[in-house]
Each structure stands twice: as structure tokens, then as C-alpha cells.
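Peer 1: Residue strings, one per chain:
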Amino acid sequence: MFDLTGKTALVTGASGGIGGAVASALHAAGATVGLSGTRVEPLEALAKELGERAHVLPCNLSDAEAVTALPKQAVEAMGSLDILVNNAGITRDNIFMRMSEEEWASVLEVNLTSTMRLCKGAIRGMMKARWGRIVNITSVVGATGNPGQANYAASKAGVVGMSKSIAYEVASRGITVNCVAPGFIATAMTDKLNDDQKGAILGQIPAGRMGEAEEIAAAVLYLSSKEAAYVTGATLHVNGGMAML
Amino acid sequence: MSEVEDRVRKIVVEHLGVEEDKVVESASFIDDLGADSLDTVELVMAFEEEFGIEIPDDAAETIQTFGDAVKFIKGAL
Numbered sequence: 001m002f003d004l005t006g007k008t009a010l011v012t013g014a015s016g017g018i019g020g021a022v023a024s025a026l027h028a029a030g031a032t033v034g035l036s037g038t039r040v041e042p043l044e045a046l047a048k049e050l051g052e053r054a055h056v057l058p059c060n061l062s063d064a065e066a067v068t069a070l071p072k073q074a075v076e077a078m079g080s081l082d083i084l085v086n087n088a089g090i091t092r093d094n095i096f097m098r099m100s101e102e103e104w105a106s107v108l109e110v111n112l113t114s115t116m117r118l119c120k121g122a123i124r125g126m127m128k129a130r131w132g133r134i135v136n137i138t139s140v141v142g143a144t145g146n147p148g149q150a151n152y153a154a155s156k157a158g159v160v161g162m163s164k165s166i167a168y169e170v171a172s173r174g175i176t177v178n179c180v181a182p183g184f185i186a187t188a189m190t191d192k193l194n195d196d197q198k199g200a201i202l203g204q205i206p207a208g209r210m211g212e213a214e215e216i217a218a219a220v221l222y223l224s225s226k227e228a229a230y231v232t233g234a235t236l237h238v239n240g241g242m243a244m245l
Numbered sequence: 001m002s003e004v005e006d007r008v009r010k011i012v013v014e015h016l017g018v019e020e021d022k023v024v025e026s027a028s029f030i031d032d033l034g035a036d037s038l039d040t041v042e043l044v045m046a047f048e049e050e051f052g053i054e055i056p057d058d059a060a061e062t063i064q065t066f067g068d069a070v071k072f073i074k075g076a077l
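Protein sequence lines correspond, in order, to chains A and B.
Heads up: the first sequence at position 176 corresponds to 176 in our numbering, and the numbers run straight through without jumps.
Heads up: the second sequence at position 62 corresponds to 62 in our numbering, and the numbers run straight through without jumps.
The hints are all genuine.
Pair by pair, the computed Cβ-Cβ distance ranges are:
id, chain 1, residue 1, chain 2, residue 2, range
1, B, 10, A, 108, 41 to 47 Å
2, A, 197, B, 48, 51 to 57 Å
3, B, 32, A, 64, 34 to 40 Å
4, B, 13, A, 212, 48 to 54 Å
5, A, 90, B, 22, 47 to 53 Å
6, B, 32, A, 188, 57 to 63 Å
In short, the hints are calculated from the structure, not lab data.
Remember, it's a predicted structure, so these values are computed and weren't measured experimentally.
All C-beta atoms in this analysis are idealised placements derived from N, C-alpha and C, irrespective of residue type, glycine included.
When you get a sec, could you build the whole thing from the sequences and use the hints?
Peer 2: So, in C-alpha cells, the structure goes:
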């Protein structure tokens, strides 16, 4: 339905469940994809699976210099950078009264500050091209809060506020900046939960099931398309009705 | 008229769609030539590309007029 032929997309956290699904969906729509992440092996495996039009661009998002260099590397590998999907994120959960400065700072650094750096690097070329799509993956938790995740929720809410501000500034250049906020998605991380934990989670979800990574990817694909040109500064909540925002 | 001035003027005229004779030394990009703040960022990017130089953000903020741009670029070449 959405055609991204000739477009180039950089996806961070492509070694994870959601990032991999996003990269696959954009690739299936015709885009050339740059797969970024810290773990090279799963990136290589995904690139092999996708075949042509897939480039592996490893990057440690807590390394400021490496992050700044990443958009340039993406342009060198793919010729341009039309679509940026900031998907990578980390958690360092702890109840707030026990949360260390280090737990706070590391989550803000990777989830918020590296997203800022990547946006800055990518927008340069997008301004010149008068076309660009930035999709930041946030979380339902950024809107609702979650015990044990003050740092993570703050980082994701921060990304939403930043995205809206950037969206204002670059809208006249044909660049849109949006967020996709997943609820509970079945990934390697949620596989580790026991049945009681899963039951408690499912009780909060009107849809009665966890989401699939492909359902997040579909939202990202839409926001990356030319059809979504008039959607900017928005957050698309994909959470089975868990929080109707 | 120097070659640098001509090249800078050409970029300004093309980017902001203004008449060439409006682009005088004291012309402010924002106040006289109708640029918005994002246009000034794009102009700096275009200067960097045209002349193969790097204009750091703190220097870019001091480039307010056509004359400022020419002076900075001449100094950087």
C-alpha cells in the first residue's frame, strides 16, 4: 500500500524485536535500509535475510561521537537519508527513591540525548532535500507513567516534547516528526515474564493480547510514507486500548 | 567586486529569492532580505558546501548580514 521505492531509512535498535520488524517493513515497501545497533551479529543476520538494499551500521548510542557520525555514515552507505527511525532504547528500572544518578543519566543519555543528536544530523540533508520523515519510538509509559520507570518515562515523554518542537521548526521544509508509542509488545523481553505477570498485564489491555512488533512497524511505515505528509507532531498510540490518549 | 562576494550573493539570491541589488554589504538576512531563522541555517549550510569550509554554530550565529558572511568566508579560506 505504501511505496518507499528510492527512499533511504536508518533504523536504530534494529537488532531488537521492534526495530527488526520496522526495518523489514520499510524494506518490504521498497526502501533501502541502514540497520544500526550495538550487537553486530543480529544486524548481519537481518541484513542477510533482507538481501539487497540493506546496510549494517553498528553504533553505540552512549558514545556521543559515534552517534554524531552515524547519520553521515548512513548517507555514505545509502547515498542519502530520507527516513530516520529512532527506535533504540534502554531501561534501568528501579523505584524512584532508590534510583541512582547513574541509572537516571544513562537512560536519558541513550533514549533522549542520542535521539536529539541523530535528529540534528539527519535534518541537515532533509532540509536540503525538502523532504524527510522522522519517527521516534516512545512508549505508553511516557504518557501514563509507570512505577519503577521514572527515568524511562521521563526520557520518552522528553522525546515527545522534543519531537513536537522540531516538528514546528521544520514543517515548512517538508519534514515531518512524529512518535509511535507502543504498549505491551511481544518481544524477547516480554517472553521472560511468567504466567501471573502476563495475566496481570493482559487484564489491563482491552484487546486482551499483547501487540506484535509488526503492528508497530505498520504504524512506522505509515508515518514514513508520502501519504502521511500532513501528519506531524503527532503520537500514534499502538497499545490495544490500554491507554486511550 | 571579489569572486567570494559574487558566489555568496548568488547563493543568497537563489535561496531567498531576492533581487540582486538588494544584497548589499549591510543587508541583514532576516531584517532586510526576508529570511526566517531556518533560512539562515540553510544559508550557512550552502556556504559551507560552496566553499568547502566548516562554519561552527557559534560563528554561524554572528553571521547576520551579507557583509558578515563575506568577511567570515574570506577569513576561513
